[in-house]
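In case you want the letters, here they are:
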Amino acid sequence: MTNEIASAKSDLAESGGQFSTFFVADLFFGVDVLRVQEVLRFQHMTHVPKAPQVIEGLINLRGQIVTAIDLRRRLRLPPRAGDQMPTNVVIRTDDGAVSLLVDEIGDVLDVDAATYERPPENLDPAAREIIRGVYKLKDRLLVVLDTEKAVEIAA
Amino acid sequence: MQDQDQNGSLQDQDVIREFLVESHENLSRLDQELVELEKHPQETALLASVFRTIHTIKGTCGFFAFSTLERITHQAENLLSQLRDGKRKLTPSLISLILETVDATRKVLASIEASGEEGPDQFGELAERLRQAAHAPTDAGNEPASGSAPAPSPESQGENVSCETPEALKAEKNGAKPSAVADANIRVGVGLLDKLMDLVGELVLTRNQILQFNTEREDAALNNTSQRLNLITTELQEGVMKTRMQPIGMVWNKLPRVVRDMAVAMGKQIELEMDGADTELDRTIIEAIKDPLVHLVRNSCDHGIEPPEVRVRAGKPPQGKLSLRAYHEGGQVNIEIGDDGAGIDVARVKQKALEKGLLRSEQVEKLSDREALNLIFLPGFSTAQQVTNVSGRGVGMDVVKSNIEKIGGVVDIFSRTGEGSTVKLKIPLTLAIIPGLVIMSGGERFVIPQVSLLELIRLEGDSSDKHIELVHGTPVYRRRGSLLPIAYLNQVLDLQSAERAEAVNIVVLQAEDRQFGLVVDGINDTQEIVVKPLSKQLKGLIEYAGATIMGDGRVALILDVLGIGQLSGVLAESREQARTAVEQKSQSDLKQQRLLLFRAGSFERLAVPLSLVARLEEFPLSSIESAGGSQVVQYRNRILPLVSLRALLEPDVPQQQQTLDPLQVVVFNDGDRSVGVVVDQILDVAEEAVVARQKSSRKGLLGSAVISKRVTDFLDLNEVIHMTSGSWFQGTGGSGTGKTVLVAEASAFSRGVIRSSLDIAGYRVIEAADLNETKREMERQPVDVVLAALDLPPQGGAAVCAALRERPEWQRVPVLALADSAAQVKSSAAQAFNDCQDKFDREALLEAVARLASARDTAEAGTAFTEMQLASAAEGR
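From first to last, the protein sequence lines are chains A and B. The opening position of the first sequence corresponds to residue 22 in the numbering used here, with each subsequent residue numbered one higher. The opening position of the second sequence corresponds to residue 431 in the numbering used here, with each subsequent residue numbered one higher.
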């Protein structure tokens, strides 16, 4: 008998709930907290020659090989300052764990569904592709990242 | 049965053993289920499960001719089917009866296990009672009937239960001892085995790490311990590996039936031969090849072996032969599925590929027979008949291939028309742990699977460079008298090459049936590595077979030898193949132009872009005919007009008799039409970044450039065709008839290439070399579409956009960016444009131009334009 492992695939994009947050450049991102496997400080990465640019490299996550995707490059943002070390946010996806490289990690926030709105139409296409919507928090906007789309990169 | 059993082969006994193990398991489950059922008589699912279990045992008994067992299980099954269908109510007495059957079955099984026979007890009385119970009037709907039925009354039920149970207990106590077969085997969940395998994998890694520490320290105790750890780990690894090994016969077992059914259904006579059924493979691999194997066998039966009458006519015995062979070879298992049927009709395969639109006609023409055979592995290639009557399971050859490749295997197909075809699967023994060679290149570490490794060569000293020689720019190494093509890993992977090393390391590799040398910066050592797959983002890279974790905990990439060979071009088999491989490459790297070099008359070196060439042909002089005053030749059921380049380029020089035989002809294609250009000699195919240095004033030539250190003239193909056949390429009514296109591109060569394809498609083409020229030309005449190179001097192609948007009359002129490579097409620089295309991708470029030109037409008046513009811009991206 195989154990049916309950997959954490609940979709909070529009219904509020708990979000893990992080910063990429001046963007404040949120990901359904159940989707986040863990957060790691910067690790040694093995560069993959000829891979798409957004792929920073491969990391060893306790015996599991995880591909790290630079969110800045994914969003066509300028590279981070030379001394700034990115943080790995390891996300569960349908095809296993993938690490997203972000600038800095934020708190886990409870957000209210009522403050949700679809992303603006005039959003840069590179960003539009991977952004599901926006929560209007009191002091800032929380951008909901579509993790499945964010890791969809063809080599 | 006895006779059978005595004469029975070892295999039969294996099967019976399996039957025993399975039945014991089923019976224990049955006990539980029946007890459960007694508590919840309404549970139909439970009842159905009980029924199935009994049914299975009955079926298998019939197969082995165990008549006693069959009889009692059959009766029990009857009873159960009535219960299941609701015709009869489940009473405790019935449960007891069934439990009694279970006990009887156990006894018989024990007897079979001990002596191979069912034993003396026929259980006639039990069978009779079962029969009676099943034939008793059913109680469906009316209670009174059940009361008057001969079925046991409540009292007797109680009796039954109370006296049956002790009997059963007694039987277990003194009679049947616990089954030895069942006890010697444990069924273990595959999940658990997989987990063990993973853990062993991790252990191997940790062991490697510890061994590495050990070499750094000099501690005798640590040394001893780690040696032991090493040994134990290796043994454990082998042991766990063995738990997952199964003979391939497990999969083959069902094939005789498949073949028989197919043969009967199709009126064919097919004999199945199986060789090497005991070859062992990892469980996961067995699992993975199951469906592909069945599919291949069905394919052979269906498409390979002909009906008897056809075979007899072809001089073959009416009975076709299908042979399966499995054997170990060099750490791999080879499985061959061969038939002596009609073979694969290459022409039909090509035809089909065309019909299905999988390839364009010019692509098909370029294929060698072997490449054409491989077309059947393309997705969507299954034929109509296949879908309806044979496979019907949605498993095409593409799925076969992808399934095999998923497990690191290779599919190869060989076919001889009239003699049959063979599909050869090369499959790794196990997926999990493989030995690999660790090498360095450009400061990175890579692993090469040992399977592909032939030898290591180290060239030392100052003369090391001399050992690698160049044949027309292609590095080769003389290895024991024969030339080994050489590839540089740094170059294949675009890595920084290391500082000039004092020695050159060549890793000699085998990919498919060919060998090549791979130059690496350093060679470390060999290690057992655990292969881990790459994530889907990296699956598309054919350079890598996976990744692994090294002793220091870091990740290293495992090279895919075949992929590396293909990318570096060293695996090109012939000129034909070279071209296809190169074509694939051209998509990633288009700065390099591939040129066909040839000679004609006093022009010692002429070139055309290879992308425009359809084929190279030789025609014997005798095959040249004359039609409509010009020379033609029959070619692929068509008439191919021939153009003598010598006569064209040097009309003043008197033509001597054509002495060359056969004629060397370069065939150019455009849609349905072809033209053959007769040259004196084909020289070579060169791959270089082309900078047109000088524009030519001579008609028929674009200009000249230095190719492979020699001055070479570029043939103006468009001009050549116009000069000769006049209207030959015209009246194509290309989509762009009458439209004016401006090509702004600094390189005269690129301009020429683009112009010739646009010309042919029916556009009027204006050229400009920089921004100012572009503006000048735009002022001179109305232009429908502007094509601007991204690197147009002085400030890039975006400046053209900006300039156009300044003038109201130009605002609506769409601008298409010309990129140097497919990668650039996707770059952000391309965003300002309406569209962006790879400048040498002729088809896509023409399509985009046509789209922009017509978008301008339809949108002239309305706001629709902006949308179109957006749409096409989005498409371009």
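Be aware that a few hints might be false.
To be verified - Calculated from the model, a selection of chain B residues having no Cβ within reach of chain A, i.e. all distances over 12 angstroms:
no. : residue
1   : T636
2   : R690
3   : G773
4   : G787
5   : I979
6   : Q1211
7   : A1228
8   : Q1261
Unchecked claim - Sample of chain B residues facing chain A (criterion: CB under 7 angstroms; computed from the structure):
no. : residue
9   : L633
10  : T714
11  : H733
12  : R944
13  : E958
14  : V961
15  : K966
16  : I972
As the list claims (entries may be wrong) - Covered, in the sense of this in silico footprint (three residues per stretch, anywhere, with C-beta under 8 angstroms from a C-beta of chain B), are these stretches of chain A:
no. : segment
17  : 38-48
18  : 86-95
Hints listed in this document are in silico derivations from the structure and should not be mistaken for laboratory results. Beta carbons: idealized from backbone N, C-alpha and C, even for Gly.
Cross-check of the supplied hints:
1. Against the 12 angstroms criterion, T636 (chain B) falls within the reach of chain A, whose nearest CB is about 9 angstroms from its own CB.
2. The beta carbon of R690 (chain B) sits about 34 angstroms from the closest Cβ of chain A, which is more than 12 angstroms, so the claim that it is off the interface holds.
3. With a cut of 12 angstroms on Cβ distances, G773 (chain B) stays outside the contact zone with chain A, its closest approach being about 37 angstroms.
4. No Cβ of chain A approaches the Cβ of G787 (chain B) within 12 angstroms, the least distance being about 22 angstroms, so the stated non-interface status holds.
5. A cut-off of 12 angstroms between C-beta atoms contradicts the statement that I979 (chain B) is not in contact with chain A; the least separation is 5 angstroms.
6. No beta-carbon of chain A comes within 12 angstroms of the beta-carbon of Q1211 (chain B); the shortest separation is about 35 angstroms.
7. At the 12 angstroms boundary, the C-beta of A1228 (chain B) stays outside the reach of chain A, the nearest C-beta of that chain being 16 angstroms off.
8. Its beta-carbon lying about 9 angstroms from the closest one in chain A, Q1261 (chain B) breaks the requirement of being farther than 12 angstroms from that chain.
9. The criterion of a C-beta within 7 angstroms of any C-beta in chain A is not met by L633 (chain B), whose closest approach is roughly 10 angstroms, and the hint is violated.
10. Given hint, T714 (chain B) at the interface with chain A, is violated; its Cβ is 15 angstroms from that chain's nearest Cβ, farther than 7 angstroms.
11. A distance limit of 7 angstroms between C-beta atoms decides the matter here; for H733 (chain B) the minimum to chain A is near 34 angstroms, and the interface restraint is violated.
12. The interface hint given for R944 (chain B) is violated, since its Cβ lies 23 angstroms from the closest Cβ of chain A, which is over the 7 angstroms cut-off.
13. At its closest, the beta carbon of E958 (chain B) sits 15 angstroms from a beta carbon of chain A; the interface hint therefore is violated under the 7 angstroms criterion.
14. Checking V961 (chain B) against chain A: minimum C-beta separation of about 10 angstroms lies over 7 angstroms; hint violated.
15. For the restraint placing K966 (chain B) at the interface with chain A, the shortest Cβ-Cβ distance is roughly 5 angstroms, inside the 7 angstroms limit, so the hint holds.
16. Against a cut-off of 7 angstroms between C-beta atoms, the interface hint on I972 (chain B) is violated, since the closest Cβ of chain A lies about 9 angstroms away.
17. With 0 residues bearing a CB less than 8 angstroms from a CB of chain B, the segment 38-48 of chain A misses the requirement of three and the coverage assertion fails.
18. Check result for the segment 86-95 of chain A against chain B: holds, 4 residues qualifying (beta carbon to beta carbon below 8 angstroms, three or more required).
The structure fails to meet hints 1, 5, 8, 9, 10, 11, 12, 13, 14, 16, 17 from the earlier list, while all remaining hints are met.
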